[in-house]
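Undergrad: Sequence:
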Amino acid sequence: MSPLDFVKFVGRRSWSHRSMLAVVSFGVIAAVVTIAASVIYFDSLGDIALEREIARDSGSSHDIVITGRQRDVD
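If you read the sequence shown in this note's numbering, its first letter stands for residue 22, the second for the next number, and so on.
Simulated from the structure, these hints should not be mistaken for lab results.
It cannot be assumed that every hint is accurate.
[Stated by the list, open to error] Label pairs and their computed distance ranges (CB to CB):
| id | residue 1 | residue 2 | range |
| --- | --- | --- | --- |
| 1 | Gly80 | Gly48 | 47 to 57 Å |
| 2 | Ala43 | Ser23 | 26 to 36 Å |
| 3 | Val60 | Thr88 | 10 to 20 Å |
The beta-carbon is built from N, C-alpha and C at its ideal position, and this holds for glycine as well.
Given these sequences and hints, build the entire structure.
TA: Take a look at the structure:
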């Protein structure tokens with residue numbers, strides 16, 4: 022079986038099961054969106070908590086430690 026025949030075979034099989042393929046594709050997209058949104062949501066909760074703690078403190082100076090990860094970008 023040549024690679025072109027294999028691609029045609031996969032295309033015919035995918036087309037015959039297009040409804041199932043559509044449901045599975047939608048599920049994968051929904052899972053990725055949910056995971057990405059949860060990371061963004063929890064990051065924003067941390068920002069909100071920090072702003073609330075700074076606003077609650079009545080002192081003029083704040084003792085805040087900021088840490089980060091340094092990564093090389095090529």
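Undergrad: Now look at each hint and say whether the structure bears it out.
TA: Right, here's what the structure says about each hint:
1. Gly80 / Gly48: 47 to 57 Å: holds, 51 Å
2. Ala43 / Ser23: 26 to 36 Å: Taking Cβ atoms as reference, Ala43 and Ser23 lie about 29 Å apart, which means the hint holds.
3. Val60 / Thr88: 10 to 20 Å: holds, 18 Å
Checked against the numbered hints given earlier, this structure breaks none of them.
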